[in-house]
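J.: Sequence:
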Amino acid sequence: GSYATVFVNGIKVGYHEGGRTSFTIDISDAVICKKQNILAVRADHPSFIKDLPWVCGGCSDEIGFSEGSQPMGIFRPVSLIITEELRIEPFGMHVWNDTTVSEKSATLFLETEYKNYGKELHHINVRNILIDKAGIIVGESMISCSIKADEKHIIAQKILLNNNVHLWSLEHPYLYHLKTLISENGKVIDELQTPYGIRWISWPNGSNSMSKQFLLNGKPVFINGTAAYEHLLGQSHAFSNEEITAMAMQVKAAGFNAFRDAHQPHNLKFQEYWDENGFLWWPQFAAHIWYDTPEFRNNFKTLLTDWVKERRN
1 GSYATVFVNG IKVGYHEGGR TSFTIDISDA VICKKQNILA VRADHPSFIK
51 DLPWVCGGCS DEIGFSEGSQ PMGIFRPVSL IITEELRIEP FGMHVWNDTT
101 VSEKSATLFL ETEYKNYGKE LHHINVRNIL IDKAGIIVGE SMISCSIKAD
151 EKHIIAQKIL LNNNVHLWSL EHPYLYHLKT LISENGKVID ELQTPYGIRW
201 ISWPNGSNSM SKQFLLNGKP VFINGTAAYE HLLGQSHAFS NEEITAMAMQ
251 VKAAGFNAFR DAHQPHNLKF QEYWDENGFL WWPQFAAHIW YDTPEFRNNF
301 KTLLTDWVKE RRN
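Under the working numbering, the first residue of the sequence shown carries the number 1, and numbering increases by one thereafter.
Possibly wrong hints are sitting among the right ones.
Distance ranges between label pairs, derived from CB positions [to be verified]:
1) 5 x 104: 49 to 57 Å
2) 150 x 233: 42 to 50 Å
3) 184 x 289: 42 to 50 Å
4) 123 x 163: 33 to 41 Å
5) 146 x 90: 17 to 25 Å
6) 50 x 260: 23 to 31 Å
7) 9 x 213: 57 to 65 Å
8) 26 x 107: 34 to 42 Å
9) 78 x 98: 31 to 39 Å
10) 183 x 136: 17 to 25 Å
Within a straight-line C-alpha distance of at most 30 Å, the following computed DSS-like cross-link-like pairs (lysine-lysine) qualify [unchecked claim]:
11) 115 x 34
12) 152 x 187
13) 309 x 119
Please keep in mind that the hints were generated in silico from the structure rather than gathered at the bench.
Just so you know, even glycine gets a beta-carbon here, dropped at the ideal spot from N, CA and C.
Take the sequences, apply the hints, and build the full model.
T.: Pasting the structure below:
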(Lines of atoms letter the chains of each structure in order from A and count residues from 1; the text may use other names and numbers.)
(Lines give C-alpha, C1' and ligand atoms only; values in the text may rest on other atoms or scores of the structure.)
Protein backbone atom coordinates (compact mmCIF):
# COMPACT_ATOMS: atom_id res chain seq x y z
CA GLY A 1 0.00 0.00 0.00
CA SER A 2 2.86 2.42 0.65
CA TYR A 3 6.34 1.05 -0.07
CA ALA A 4 7.28 -2.10 -1.96
CA THR A 5 10.77 -3.65 -2.14
CA VAL A 6 11.05 -6.47 -4.69
CA PHE A 7 13.51 -9.36 -4.52
CA VAL A 8 14.17 -12.21 -6.98
CA ASN A 9 16.22 -15.11 -5.67
CA GLY A 10 17.33 -12.95 -2.77
CA ILE A 11 18.56 -10.13 -5.03
CA LYS A 12 16.96 -6.70 -4.66
CA VAL A 13 15.64 -5.80 -8.12
CA GLY A 14 13.52 -2.72 -7.44
CA TYR A 15 11.65 -0.41 -5.10
CA HIS A 16 8.46 1.62 -5.46
CA GLU A 17 6.85 4.34 -3.36
CA GLY A 18 3.08 4.65 -3.50
CA GLY A 19 0.72 1.69 -3.83
CA ARG A 20 -2.11 3.15 -5.91
CA THR A 21 -0.36 3.25 -9.29
CA SER A 22 1.25 0.46 -11.31
CA PHE A 23 4.98 -0.12 -11.53
CA THR A 24 7.13 -2.42 -13.63
CA ILE A 25 10.57 -3.85 -12.83
CA ASP A 26 12.96 -5.59 -15.22
CA ILE A 27 14.13 -8.74 -13.42
CA SER A 28 15.97 -10.35 -16.34
CA ASP A 29 19.41 -10.30 -14.71
CA ALA A 30 18.17 -11.98 -11.53
CA VAL A 31 16.22 -14.84 -13.14
CA ILE A 32 17.81 -18.29 -13.31
CA CYS A 33 16.70 -20.21 -16.39
CA LYS A 34 15.28 -23.74 -16.08
CA LYS A 35 15.18 -23.51 -12.29
CA GLN A 36 12.64 -22.44 -9.71
CA ASN A 37 12.81 -18.71 -9.00
CA ILE A 38 11.63 -17.05 -5.81
CA LEU A 39 9.86 -13.70 -6.07
CA ALA A 40 9.43 -11.82 -2.79
CA VAL A 41 7.85 -8.44 -2.11
CA ARG A 42 8.30 -6.66 1.19
CA ALA A 43 5.38 -4.31 1.83
CA ASP A 44 6.10 -1.54 4.35
CA HIS A 45 3.65 0.85 5.97
CA PRO A 46 5.47 2.66 8.79
CA SER A 47 3.96 5.31 11.04
CA PHE A 48 4.21 9.02 10.21
CA ILE A 49 4.84 8.75 6.48
CA LYS A 50 5.90 12.17 5.16
CA ASP A 51 6.78 11.60 1.49
CA LEU A 52 3.54 10.15 0.04
CA PRO A 53 0.18 11.78 -0.76
CA TRP A 54 -1.74 8.70 0.46
CA VAL A 55 -1.51 7.90 4.14
CA CYS A 56 -3.48 6.05 6.78
CA GLY A 57 -5.51 8.04 9.25
CA GLY A 58 -4.43 6.06 12.26
CA CYS A 59 -0.74 6.82 11.93
CA SER A 60 -0.45 10.26 10.33
CA ASP A 61 0.22 13.70 11.75
CA GLU A 62 -3.43 14.62 11.23
CA ILE A 63 -4.87 12.85 14.27
CA GLY A 64 -8.27 11.30 13.74
CA PHE A 65 -8.14 11.55 9.97
CA SER A 66 -9.23 8.25 8.41
CA GLU A 67 -11.12 9.08 5.20
CA GLY A 68 -9.73 7.04 2.32
CA SER A 69 -7.21 5.26 4.51
CA GLN A 70 -4.40 3.45 2.78
CA PRO A 71 -4.70 -0.34 2.38
CA MET A 72 -1.99 -2.64 3.68
CA GLY A 73 -0.05 -5.31 1.83
CA ILE A 74 -0.42 -6.35 -1.82
CA PHE A 75 -3.94 -5.52 -3.03
CA ARG A 76 -3.49 -5.28 -6.81
CA PRO A 77 -2.69 -8.01 -9.38
CA VAL A 78 0.92 -9.04 -9.98
CA SER A 79 1.93 -10.22 -13.47
CA LEU A 80 5.07 -11.81 -14.90
CA ILE A 81 5.56 -10.61 -18.49
CA ILE A 82 8.07 -12.18 -20.89
CA THR A 83 9.19 -9.98 -23.79
CA GLU A 84 11.89 -9.48 -26.37
CA GLU A 85 14.72 -7.07 -25.52
CA LEU A 86 13.07 -4.40 -27.70
CA ARG A 87 9.54 -3.73 -26.51
CA ILE A 88 6.73 -1.24 -26.05
CA GLU A 89 7.09 0.50 -22.70
CA PRO A 90 4.41 -0.10 -20.02
CA PHE A 91 1.39 2.09 -20.83
CA GLY A 92 3.46 3.30 -23.78
CA MET A 93 0.60 3.66 -26.27
CA HIS A 94 -1.13 7.05 -26.36
CA VAL A 95 -4.09 7.67 -28.67
CA TRP A 96 -6.31 10.75 -28.76
CA ASN A 97 -8.51 12.86 -31.04
CA ASP A 98 -9.32 16.58 -31.15
CA THR A 99 -12.69 18.36 -31.39
CA THR A 100 -12.87 18.16 -35.18
CA VAL A 101 -14.24 14.60 -35.12
CA SER A 102 -17.70 13.83 -36.45
CA GLU A 103 -19.59 10.89 -37.89
CA LYS A 104 -18.11 11.84 -41.28
CA SER A 105 -14.39 12.06 -40.44
CA ALA A 106 -11.87 11.76 -37.64
CA THR A 107 -8.14 12.01 -37.13
CA LEU A 108 -6.52 9.86 -34.46
CA PHE A 109 -3.15 10.98 -33.12
CA LEU A 110 -0.85 8.20 -31.94
CA GLU A 111 2.35 8.03 -29.93
CA THR A 112 4.14 4.72 -29.41
CA GLU A 113 6.84 4.68 -26.73
CA TYR A 114 9.33 1.81 -26.95
CA LYS A 115 12.83 1.01 -25.76
CA ASN A 116 15.78 -1.14 -26.82
CA TYR A 117 16.99 -2.93 -23.69
CA GLY A 118 19.59 -4.86 -25.69
CA LYS A 119 23.15 -4.08 -26.73
CA GLU A 120 22.74 -4.02 -30.51
CA LEU A 121 21.18 -1.71 -33.10
CA HIS A 122 17.67 -2.71 -34.20
CA HIS A 123 15.90 -1.85 -37.47
CA ILE A 124 12.15 -2.10 -36.92
CA ASN A 125 8.73 -1.29 -38.28
CA VAL A 126 6.10 0.29 -36.02
CA ARG A 127 2.62 -0.42 -37.36
CA ASN A 128 -0.66 0.77 -35.85
CA ILE A 129 -3.91 -0.78 -37.11
CA LEU A 130 -7.39 0.49 -36.18
CA ILE A 131 -10.03 -2.27 -36.06
CA ASP A 132 -13.77 -1.72 -35.71
CA LYS A 133 -16.24 -3.79 -33.67
CA ALA A 134 -16.80 -6.15 -36.58
CA GLY A 135 -13.09 -6.95 -36.74
CA ILE A 136 -12.54 -4.98 -39.96
CA ILE A 137 -9.39 -2.88 -40.43
CA VAL A 138 -10.55 0.70 -41.03
CA GLY A 139 -7.23 2.54 -40.87
CA GLU A 140 -3.51 2.01 -40.37
CA SER A 141 -0.13 3.72 -40.28
CA MET A 142 3.39 2.30 -40.48
CA ILE A 143 6.85 3.78 -40.07
CA SER A 144 10.36 2.31 -40.21
CA CYS A 145 13.18 3.38 -37.93
CA SER A 146 16.39 2.33 -36.19
CA ILE A 147 17.06 2.37 -32.47
CA LYS A 148 20.42 2.08 -30.76
CA ALA A 149 21.22 0.08 -27.65
CA ASP A 150 19.63 1.36 -24.43
CA GLU A 151 17.67 4.05 -26.30
CA LYS A 152 14.01 5.00 -25.85
CA HIS A 153 11.95 6.45 -28.71
CA ILE A 154 8.47 7.92 -29.12
CA ILE A 155 7.04 7.55 -32.63
CA ALA A 156 4.21 9.91 -33.67
CA GLN A 157 1.67 8.72 -36.25
CA LYS A 158 -1.84 9.54 -37.49
CA ILE A 159 -4.78 7.48 -38.67
CA LEU A 160 -7.44 9.18 -40.83
CA LEU A 161 -11.05 8.01 -41.03
CA ASN A 162 -12.95 9.61 -43.90
CA ASN A 163 -16.42 8.11 -43.56
CA ASN A 164 -18.78 6.19 -41.27
CA VAL A 165 -17.12 7.12 -37.99
CA HIS A 166 -18.71 5.52 -34.92
CA LEU A 167 -18.66 7.98 -32.03
CA TRP A 168 -18.54 6.81 -28.41
CA SER A 169 -21.58 7.93 -26.40
CA LEU A 170 -23.45 6.90 -23.26
CA GLU A 171 -26.17 5.23 -25.35
CA HIS A 172 -23.74 3.64 -27.81
CA PRO A 173 -20.32 3.12 -26.17
CA TYR A 174 -18.60 2.11 -29.40
CA LEU A 175 -14.99 1.01 -28.93
CA TYR A 176 -12.45 0.57 -31.68
CA HIS A 177 -9.31 -1.46 -31.02
CA LEU A 178 -5.89 -0.16 -31.88
CA LYS A 179 -3.39 -2.94 -32.52
CA THR A 180 0.24 -1.82 -32.22
CA LEU A 181 2.82 -4.12 -33.81
CA ILE A 182 6.60 -3.85 -33.67
CA SER A 183 8.34 -6.12 -36.16
CA GLU A 184 11.90 -6.86 -37.21
CA ASN A 185 12.97 -8.88 -40.26
CA GLY A 186 9.34 -9.78 -40.91
CA LYS A 187 8.76 -11.12 -37.38
CA VAL A 188 6.48 -9.48 -34.84
CA ILE A 189 8.48 -8.98 -31.63
CA ASP A 190 5.90 -7.05 -29.60
CA GLU A 191 2.16 -6.42 -29.82
CA LEU A 192 -0.30 -4.34 -27.83
CA GLN A 193 -4.10 -3.92 -28.01
CA THR A 194 -5.65 -0.62 -26.92
CA PRO A 195 -9.44 -0.07 -26.84
CA TYR A 196 -10.45 3.46 -27.77
CA GLY A 197 -13.68 5.42 -28.10
CA ILE A 198 -13.75 8.38 -30.50
CA ARG A 199 -15.58 11.32 -28.89
CA TRP A 200 -15.18 14.97 -27.99
CA ILE A 201 -16.32 16.89 -24.95
CA SER A 202 -16.93 20.53 -24.14
CA TRP A 203 -17.81 22.05 -20.79
CA PRO A 204 -17.81 25.87 -20.96
CA ASN A 205 -17.27 27.42 -17.55
CA GLY A 206 -16.05 30.95 -18.27
CA SER A 207 -18.04 34.12 -17.67
CA ASN A 208 -18.35 34.65 -21.43
CA SER A 209 -19.97 31.27 -22.03
CA MET A 210 -23.64 31.45 -22.95
CA SER A 211 -24.21 27.84 -21.93
CA LYS A 212 -23.06 25.95 -18.85
CA GLN A 213 -24.02 22.58 -20.28
CA PHE A 214 -21.72 19.59 -20.54
CA LEU A 215 -21.57 18.53 -24.19
CA LEU A 216 -20.64 15.08 -25.45
CA ASN A 217 -20.19 15.03 -29.25
CA GLY A 218 -21.98 18.37 -29.31
CA LYS A 219 -25.06 17.12 -27.46
CA PRO A 220 -25.98 18.12 -23.88
CA VAL A 221 -25.68 15.40 -21.25
CA PHE A 222 -27.08 15.57 -17.73
CA ILE A 223 -24.41 14.09 -15.46
CA ASN A 224 -26.10 11.83 -12.92
CA GLY A 225 -23.11 10.41 -11.11
CA THR A 226 -21.97 8.79 -7.92
CA ALA A 227 -18.69 8.15 -6.13
CA ALA A 228 -17.46 5.15 -4.19
CA TYR A 229 -14.48 4.12 -2.18
CA GLU A 230 -12.46 1.22 -3.49
CA HIS A 231 -13.13 -1.15 -0.63
CA LEU A 232 -15.43 -3.93 0.53
CA LEU A 233 -16.31 -4.72 4.12
CA GLY A 234 -13.97 -7.45 5.36
CA GLN A 235 -11.78 -7.44 2.25
CA SER A 236 -10.08 -4.06 2.35
CA HIS A 237 -9.06 -3.05 -1.21
CA ALA A 238 -8.23 -6.45 -2.73
CA PHE A 239 -10.81 -7.44 -5.36
CA SER A 240 -11.23 -10.17 -7.92
CA ASN A 241 -12.31 -9.19 -11.44
CA GLU A 242 -15.77 -10.62 -10.68
CA GLU A 243 -16.13 -8.39 -7.62
CA ILE A 244 -15.17 -5.31 -9.63
CA THR A 245 -17.78 -6.20 -12.25
CA ALA A 246 -20.42 -6.69 -9.54
CA MET A 247 -19.63 -3.29 -7.97
CA ALA A 248 -19.80 -1.58 -11.36
CA MET A 249 -23.10 -3.30 -12.19
CA GLN A 250 -24.55 -1.96 -8.94
CA VAL A 251 -23.76 1.57 -10.13
CA LYS A 252 -25.43 0.85 -13.46
CA ALA A 253 -28.47 -0.78 -11.85
CA ALA A 254 -28.97 2.31 -9.69
CA GLY A 255 -29.41 4.39 -12.84
CA PHE A 256 -26.20 6.43 -12.74
CA ASN A 257 -24.31 7.46 -15.89
CA ALA A 258 -21.05 8.72 -14.32
CA PHE A 259 -18.60 7.52 -11.70
CA ARG A 260 -15.88 9.21 -9.66
CA ASP A 261 -12.98 7.37 -8.03
CA ALA A 262 -13.12 8.36 -4.37
CA HIS A 263 -10.60 9.49 -3.43
CA GLN A 264 -7.58 7.79 -4.94
CA PRO A 265 -6.81 5.91 -8.17
CA HIS A 266 -8.88 2.74 -8.40
CA ASN A 267 -8.09 -0.62 -9.95
CA LEU A 268 -7.73 -0.19 -13.73
CA LYS A 269 -10.39 -2.88 -14.28
CA PHE A 270 -12.99 -0.26 -13.34
CA GLN A 271 -11.90 1.84 -16.33
CA GLU A 272 -12.52 -1.06 -18.71
CA TYR A 273 -16.07 -1.39 -17.42
CA TRP A 274 -16.91 2.32 -17.72
CA ASP A 275 -15.53 2.48 -21.28
CA GLU A 276 -17.42 -0.63 -22.39
CA ASN A 277 -20.74 0.27 -20.77
CA GLY A 278 -21.09 3.97 -21.52
CA PHE A 279 -20.18 5.75 -18.31
CA LEU A 280 -18.55 9.14 -17.88
CA TRP A 281 -15.55 8.66 -15.63
CA TRP A 282 -13.96 11.13 -13.25
CA PRO A 283 -10.73 9.63 -11.93
CA GLN A 284 -9.31 11.35 -8.89
CA PHE A 285 -5.82 11.91 -7.56
CA ALA A 286 -5.55 13.68 -4.21
CA ALA A 287 -3.12 14.50 -1.44
CA HIS A 288 -4.87 14.30 1.90
CA ILE A 289 -1.83 15.71 3.66
CA TRP A 290 0.74 17.93 1.96
CA TYR A 291 4.32 17.96 3.23
CA ASP A 292 6.27 20.87 1.81
CA THR A 293 9.50 18.94 1.30
CA PRO A 294 11.54 17.95 -1.77
CA GLU A 295 10.86 14.25 -1.08
CA PHE A 296 7.12 14.75 -1.05
CA ARG A 297 7.11 16.99 -4.12
CA ASN A 298 9.21 14.54 -6.15
CA ASN A 299 7.05 11.54 -5.22
CA PHE A 300 3.83 13.47 -5.84
CA LYS A 301 4.93 14.49 -9.35
CA THR A 302 6.12 10.96 -10.16
CA LEU A 303 2.87 9.35 -9.01
CA LEU A 304 0.78 12.03 -10.73
CA THR A 305 2.58 11.33 -14.02
CA ASP A 306 2.06 7.57 -13.63
CA TRP A 307 -1.64 8.11 -12.85
CA VAL A 308 -2.20 10.18 -16.00
CA LYS A 309 -0.25 7.77 -18.19
CA GLU A 310 -2.22 4.73 -17.01
CA ARG A 311 -5.57 6.37 -17.71
CA ARG A 312 -4.97 8.80 -20.59
CA ASN A 313 -6.63 6.68 -23.31
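J.: Which numbered hints are broken by the structure, listed smallest first?
T.: Violated: none.
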